Structure formats: structure tokens, C-alpha cells
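**Student:** Protein chains in written order, with the UniProt record's numbering: chain A, 1 to 374; chain B, 1 to 274.
Do not rely on the hints blindly, as some may be mistaken.
Stated by the list, open to error - BS3-like cross-link-like pairs, simulated, lysine-lysine; straight-line CA separation at most 30 Å:
#1 Lys247/A x Lys265/B
#2 Lys265/B x Lys370/A
#3 Lys244/B x Lys84/A
Said to hold, decoys possible - Sample of chain B residues with no beta-carbon within 10 Å of chain A, all distances over it, derived:
#4 Glu32
#5 Phe164
#6 Gly247
As the list claims (entries may be wrong) - Example chain A residues on the side facing chain B (calculated, C-beta under 8 Å, incomplete):
#7 Asn86
#8 Asp204
#9 Ala226
#10 Trp249
#11 Trp252
#12 Trp299
#13 Pro300
#14 Arg315
#15 Pro318
#16 Phe322
FYI, nobody ran anything at the bench for these hints, they're computed from the structure.
Keep in mind that this is a model prediction, so the values were computed, not measured.
Positions of the beta carbon are idealized from the N, C-alpha and C atoms, including for glycine.
Read off the chains here:
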Amino acid sequence: MSNKFKSIETKYYEERQELFDGLKRLDRRAFMRVAGASAGIVAGMGLVTPASFQLVQVAEAQDNPEKPKFTFAYISDTHLYEQKLNDRFVRSILKAVDDVNALDPQPDFVLFGGDLAQLGQAGELKLGAQILKSVKAPVRMMVGEHDWFLDMGELWRELFGEPTYSFEHKGIHFVVLNSIQEKDFWTERGLTPKERMQIVAGLDNGIQSRFEVGAEQRAWLQKDLAKVDKKTPVIVFSHSPLYKYYKPWNFWTDDADEVQALLKPFEKVTVIHGHTHQLLTNRINNIHFHGMLSTAWPWPYAPEGLPSFTTQMNRADPFSAFDGCGDGRMDVLEAGLVNKLYNLWERNPITVRASYLASNGKKDAPPRPKLPTY
Amino acid sequence: MNFQTKLLAGLIAASSLAGGAALATGSGLKAEPLPQHKVPVSKEGNLVVGLCDGVTSMEVEGVKDGQSMTRDQAQAVSTALMAEWRRKNPDANWDDVPPPAKAVAQAGKPKAPGTPPAAVDATQQKPSAGGAVKNAGQSAASGASEVAAQKDANLQTGHTYGAFSERDEKIWADSTQAFVDEGHRVFHDAAALGGTIAVSCDMCHPDAANTHPETYPKYQVQLGRVAMLRDMINWCIQNPVRGKPLGDDDPKMKAMEAYIYARRKGVPLEFGKH
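Looking at chain A on its own, in the form it has when it is part of the complex:
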């Protein structure tokens, strides 16, 4: 950081960085080591820090019989430019790759949540593909609007295959959707592909159409789900949230209701989405929704429409390029729902538990932020 003043918060976060790194790889022996470090920090600061609460939680988790069946990790919304233009976002995705590679045990796979590139350019997509090759676990790809609207997905398909697919993994039915389709707003205006991409890349321009899954893909989904037993847990990956949050910023999927109707017959449905770059939690009937963090930057919460289950994260510290950003992990429980761990790079990790949503917010509420949010 170029400014000579370090905020109290920055110093505080730096002091605990090592502690958090330890927390991520916690076993019995490591717990003792980290506990020692935590005691040192508490003593050094002369007060009880949130870090000490964190340790208590983790210690409880050690004895928790609610064992996950398996885990997968996620990296999302990296918004890469070419490295010679912008190294900041490249550093962020590398940090996320390191995080995921350091997970012990390793996740069954890594879900990439879309928006690999910023402007869909070949250099950006290829750089992203190259970096993701260094992930040790298998990577599953999802497409975002920033990857798509320069060439309408041509290069993305070439690099990663079809954006819509499903697979079974350890008794769970997974579906990956391309939910960022838009109605043609460019032909009539005579826009070039570059101009079209630039407009889609902006959140607040109001020119682009809203996102949708589209009739064709909905028909595919119906067919795909028809062969799945209604008791089988379903996990859907979608770039845009499969519900209607805030239309002016396209935190929105126009045909969300139709897609939800297709998922309604299933007992346990989880939708994991990218795009919104924030801690975002929602539940609509049987469907549990979780938003993923971005590695590039956090979006502010929209002025209205925030789902009531969402516990907002603090306003990001603009003085830290990594604050409000991060990656994460999903623990798929025996019951078929997920505990979602948000690995916020400059803050305490936050877990949104399946039991929080299943109990309609009555149990296991995530910690509330300490600072007011605008």
C-alpha cells in the first residue's frame, strides 16, 4: 500500500492473517499452535478480539457430529484483464488458486462461478484458462456475461465446452446453467461486438436487457430433471441469481419464477450463484440460495430488494484491494444441503449453515457486522 498511514483495521487484519491461514488447515495439532498464536495476539492487544471467538467456534466444530459428505470449493468473478494491462485482478485469482490448493483435505472439485474475463477478449479468457490449470482439483466451469457478449460465447465454448450440463456426484444431482442470456439490444442500435460487450459489462447503464435462462434451456432442464428421483438432492449452479433481487443493476433473472417452478418438486434444492460479489443468502420455499464472493471487487448491496435471510457483510475497506473479496468452500452434508464457508480474505471467515436456512433463520444465524452499512 502506498499511503504511509496504516489504519487500525489494516494493522489488526495483518496481525491475524497468519492465524486465519492456520484456521483453514486446522487439525488437532494445528489447533494448539493457532491457539497459542491467538493467545499472543489477545495478550498483545490487551483485549478480547473476534479472533478468540473464532477459535471457540472452530473448536466446537471439531466435535460436531454433523460431518460433511464431501466438499467442493469455489472461485468466482475474477474479471481478468490481460496481465500487462492490469495485474491487480491477476494477483487476486492467483491468491484464490493458492487458497484452494492449500485446502486439506482437497475438495472433490472446484466450481468456477463465471466472469472469468472482464471484456470477453481472447487474451483474458486464455489467461484465465491458463491460471485455472494450476488448480489441483478438477475444475467445473460456468459462464458469466463478461465471458460471453463479445463473441456470444464462441471462444468460451472452444476452451471449456458447452455452458449447460449436468452431472451426478456422490448421490447429488448437479446442474450448471447459462443464465446470462439477454434479448437482442444491439442490432437495432447498430452496436459493434465491442460496444455490446462494454454495455453488458456495466452494471448501471440500463441499456442492456435483463438476464434469462431462456425457453430452450428451461426445456432442457425439465428433461434433465425428469429422470432424477424427487428425493435426490439437487444443486444448481447459475451465474445470475435465480430470483429477482434488484432490476436496475441486473441482479435479476427474468424467468426465475419459471426455473423455480421446475425445481419445486424436489425436496432439497440449493442454488449457488455468482455475479453479485457479496454475501447473499435467500430461501424461496424449498430452494436455498447462496451468492459467491468475487476475487476482483465487492459490489455494494443494492438500495432495495435484499433478501431478508441475508446477513450483510461490512462495507469494504477501500484501502485494501482484497477486502470484501475472497473465495470459499461448500460442505455438502449427508442430508443433501450445504454449509457454505465464505473465506473473506481480510476478515473472519463466515459460515452460512444449512440449518440457518432450514430453520427459516431461527437457528445458527451468521454473525452480524459491527459497522453500519450504507
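Model the placement of chain B on the given structure of chain A, informed by the hints.
**Tutor:** Then chain B, alone, in the frame of chain A:
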């Protein structure tokens, strides 16, 4: 002309008035010197003091140009200048100055002017000839003489700024909007900001969200001092955007401030809040 400037030009063309268009788009966005009150030179070499109306001035006898006045002389000069202005504008309304506590609390409605507005001959409101302001293009006098002739106009005469026409108001609104539009353009364009890594303001602040201009000035913990909104704009330009900081009087800085404030219209001022 890239795509954004095409859009901006379209917006301005659509919102501009015939006649007002040149003024609306031309003024404010370029760093032009503000009009100055050029006071006449004293034959005796005395100090000449001008009033902020741009036309009234007086010589201070016994004080040569370049010398400083005593406190008593200064008080006498300001009293005399004010008396002269009152003589020229007998029916002008002065807004009551709120007591300090009220000013800080930003009481909702402004108090009604003390004296009821009286009918005044429009020609009386015209600044007297010879002032530099009158010749500087857009001025307080533009169209004022026609105001009284406008049918059914709901006029509050005797305002301290003089009467102004609907055309004046349109020009002012349009030129202010042009300022905001220019701010919108710069805010959304990494190249216009002078950024070197293609990051623009809207990438973290859609619709200028999370800029909370109404909380400035405030103690910025990370800087270790009190900051104005422009200090934070510059911080963002230097760090996440990786460009060069803009000067306080840079038209781009002013335009961005205008855009950010415009997005928070109606939000109560709470300076110092975190």
C-alpha cells in the same frame, strides 16, 4: 468519437434549449476564469474597495493603494458599501441568517423572508452600467428586463440576486445537468479518469453507490486526517484506478463531485458520519 461520447452528445442535444444550448454545454466544463469585479482606479492613488454585487465600489480616503486599513476603517467602508447597495435595491429581501446551532442542525424549511416582496420596476433591478460582470456573457442580467413582461409569471421581485427569467432557469438547470452528465461519463470511463489498469469508478460504485458524499468532511481513519469527498476521489484514482490525482479545480474533479452529489439528492447531510 467513441461510443460513450456519442451517447453524451445525444443526451445534451436532447436536453438543451434552443439558444441556451451553447451556454449550457460550453460553460463550466472547461476551466475558464471566473468573472472578476474590476474596480475603477483612484486618481489620488487611494485604495478602492468593490462590493460583491460586481458594480458598486468606493474610494477609501487617507488609505493609499497597497496599504492596509484599520479595523475601524474597514467597518466604516463595509457599512458605507452596504448602505449604497441598500439604496440601489430598496426592496431586496435578505434571508435571515440562522443562529449557529440551527445552521449545524440543518433545519428543514428555510424561514420565510422577513419583508414581504413588493412590486418593483424591473429596470431598477438591472445592475448599473460599467460593471465587468455585465460584459462577461451569461450574467445576472440576462433576460431580466423581460421578466416583468412574461404573462402570468409568478414573480418574487426584489430578490437579492435580481429577477431572472424562465430562460435563465432553464440555462442554469441545463448547464448543471451537463456538468452531472460529464461527471457520469468520467466516472464510467477508465481512460477519461486517467486510469492505467482499465478500472473505472462504476466497477465498485454502480450509480455512485457507497460513495456517501453527504458524510464528508469526515475523519478518514485510513488517512489519519479529515478528508473531503475529493480527497477520497483522488485516493481511489491513485490506488485502485492507478492514475494521477486530479487538481482541486480540475473540471473532471468538479464534474465527478457533481455526479456523485446528484445521485444522493434528498439524502440528509450528515457530515462527519462514518
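**Student:** If you test the structure against every hint from before, which numbers come out violated?
**Tutor:** Violated hints: 9, 11, 16; rest satisfied.
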